[in-house]
Amino acid sequence: MARYLLTRAWQSALTLLLSTIVVFFGVRALPGDPALALAGEDRSPEALEAIRRHYGLDQPLPLQFAQYVERMAQGDFGVSIRTGTPVSSMLTTALPVTVELSVLAILIATALGVGAGVLAAVRRGRPAEWLANALALIGLSVPHFWLGLLAILYLSVATGLFPASGFVPFLEDPVDNLHHIVLPAVILGTGLAAIIMRQTRSAMLDSLSSDYVRTAKAKGLRPRAVITQHALRNSLIVVVTVVGLQLGGLISGAVVTEQIFGLPGFGKMTIDAVFQRDYPVIQAVVLLTATAYIVINFLVDLLYSVIDPRIRVTGDPA
Amino acid sequence: MTVLTVPMAETGSAGVTRRTRVLRRLRRNPLAVVSFVVLALAGAIALLSPWLAPYSVDQTDFAHTFAPPGTPGHVLGTDDLGRDVLSRIMLGARASLQVGLLAVATSLVIGVPLGLAAGYFRAWDALISRFTDLLLAFPFLIMAVGLAAIRGASLGNAAVAIGIAQIPGVIRVVRSDTLRLKSLDFVAAAVVDGASDLWVLTRHILPNATSVILVQATVAIPAAILGEAVLSFLGLGIQPPAPSLGTMLATAQQFAARAPWAAVLPGVVIMGLALAFNVFGDALRDALDPKGDRR
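Protein chains in written order, with the working numbering: chain W, 1 to 318; chain R, 319 to 613.
Next comes chain R alone, as it looks inside the complex:
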């Protein structure tokens, strides 16, 4: 009987109970709840930041440059051009989240089909492996710089470059899960039943691979946020005067002697965002683990 219940649990029929089980596990994990609340808040602030920010991000005030945090009217102080730091951090965090989501979307759109194909069709595996090797062997920064040079440095192009660099990870995860699922009885049953490859892949394998894809996406977002900060710090990402946490740190480095505090806050915000995603990703992986409370 056990042989029968395993494939049953893998198909969609038991999906509802599985989803409630996963949600229940998440709700019982205080870290999951806290990180989710942080992410929801950050998301809300990011969405509403154009209206929430006390000042316009490029409103300069040359009479009040480098105001320290706690200055009346500028809670977090002002930068080298007298712009409000709180407003720029809000909009910068919004840009970070945008890059994170866009990069991961890019890597999934390209990586998931390739991973499915590599795991399902033996003939494709070698070809796709060479492609991932090429991506892994190619220095990320050169690709990012090249893309920025050809298409212009911008939020979107930085996100695409980061997304491309994340494709190998997606392919690896999806490929190995496809290999696992392909060997299970319900897939064999579908094939015997005369289902086409496309049908098996989209109706049987992909739905069952969603949990690994989801976990991969949650850990890829913080990596992309850090990647954006690096690119913008080097001047290859979001271009000034548009606010970005990475560019704020680059400016802070220039004026470190006059305003050392300016180097602290943008970094804390980047870390907070990435940490919330990583903690939630961990909790999600534990909750999705069929082996349950092993970890």
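For reference, chain W alone in the conformation it holds in the complex:
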């Protein structure tokens, strides 16, 4: 176990370092001079020089990188070149929006996906399976930003049932908060549900045809118990993997949904930062996304051994 944790920690650190390097130098390879963008009207060489010195842009790149890593290690993500606000405070306002949206979406997706997947596997060859499969295929194929667009046009604007855009913090007004976020969460969640459903169904079909399920049936266990305690339990590995992967991708994958519904989250911050060449913000975004991905993957690995005690985590993943 200790050896495994060590290997994983080292691999995670390496991935993080690599993403930091890629984004640090990648961002600086972008055309466009941030100093020029900052200068506005006053584009005299002296003004540009002052700006470069102020933001440390006149230093050699490796030195800038070393300073950057050092500051980051102290939790200092720097100051947005565009707005002058500390990146960390931008994150504290944007992250809760995205986290709430992602968690709600993944809850909806898991409930729908696992339910439909189990149903499809158990009711094999019946209309229920056919319907679940058809819905999953449509869910995989529909552009979700388009669904969001239609939902705004035909549910929000036409009927006024839901607000078309905007966000209210949960602590300010929980009811209004949910009212704003439920539609985007459902739209985002149904897309993920399709993938979860297909994986669940296929894993369930595998376990339903296995010997231990036959044994469980033979010893007279009720069908419901066979399905939930034997077949589903053994399919959970697959479900957890898919849900974990999606949660890891959601932190940046919710971008378009946030854009459509005007949610001031992480995705919107990302898009604005990239369009405005806001280096410190871009770097923080990448670092945070990578960290989320790595942490969630690690948790998924640990969950494996909880779900299935036969799986012992070792330093040598198969």
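Hints in this document: simulated from the structure, not taken from any laboratory. Don't take each hint at face value.
[To be verified] Quick partial rundown of chain R residues pointing at chain W, CB under 7 Å, derived from the structure: (1) I446; (2) A455; (3) F456; (4) L459; (5) F551; (6) Q571; (7) V587; (8) I588; (9) M589; (10) A592.
[To be verified] Just a sample of chain W residues kept apart from chain R, beta carbon distances all over 10 Å, derived: (11) D58; (12) L150; (13) D173; (14) V240; (15) S305.
As the structure is a prediction and not an experimental result, all values here were calculated from the model. Glycine residues also receive a C-beta, built at the ideal position from the N, C-alpha and C atoms.
Add chain R to chain W, keeping to what the hints say.
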């Protein structure tokens, strides 16, 4: 005897019968036939769209903007600049298909060799795993935006960005199939026979991995089509005035109050294309499954 027949079936010698079996299964599956016909039609329309489209895609008509569908002369209506929606949808679908194919080609060209190497050479596995981790951990949109900023936003660059994001999936699939094939007798036999690594990989493993690669490609195309729609919707993909279904939806969002119907059709076309590929991909996977009618 069974031990012998398994490796035989994996080698090329039985390939002809296997191919006919797969084709027969596909022909018997009505969903496969329907989706194939839809894809063939869409492909034909896409190829011929420059000649089939009733109007030029950028022919504006400011006297007739926002004509609703069913207007004489403009079956599907006109957009904010009075351009014919049918013509723009045809050319937009063509662009979607181009991006889909180009993206998948990109991911295969890079992903297949890496997947083969990761599965075959133990020493490479860790290195390639770090590379896939990096790709997975790196936010797709930032990469797409970065590429668009460095090389300019265009159909080709959007396709390359989507293709790069799809590399990890290809590596995973090819790697695990390589691991499986490597442990089979016919590969061991070839190695004992003195075949070089390159020979074993290209002559024995790659041909037998084609079916998983094919299935991966069929499900990656619709994902790429959706990805293009997203990028173009955000203004990072195909640039106006070139028609793209994603940009059409972005325009529709701006003018939703005046022409709500404009938001419907491009989305339906994107969904139809992606659905046809997904249905066909499913059917293909079932037909290629050696376990036959299990699913």
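Outcome of the hint check:
1. I446: violated (13 Å)
2. A455: holds (4 Å)
3. F456: holds (6 Å)
4. L459: holds (5 Å)
5. F551: holds (6 Å)
6. Q571: holds (6 Å)
7. V587: It is violated, given that the least Cβ distance between V587/R and chain W is near 10 Å, above 7 Å.
8. I588: The hint holds - I588/R has a Cβ within 7 Å of chain W, the shortest such distance being about 5 Å.
9. M589: Check passed: Cβ of M589/R comes within 5 Å of chain W, closer than 7 Å.
10. A592: Hint on A592/R: holds, closest Cβ of chain W at ~4 Å, below 7 Å.
11. D58: The claim holds: D58/W sits with its nearest Cβ about 23 Å from chain R, beyond 10 Å.
12. L150: violated (6 Å)
13. D173: holds (27 Å)
14. V240: Since the minimum Cβ distance to chain R is about 17 Å, V240/W lies beyond 10 Å and the statement holds.
15. S305: Holds, since 20 Å exceeds 10 Å.
Hints 1, 7, 12 from the earlier list are contradicted by this structure; the remaining hints agree with it.
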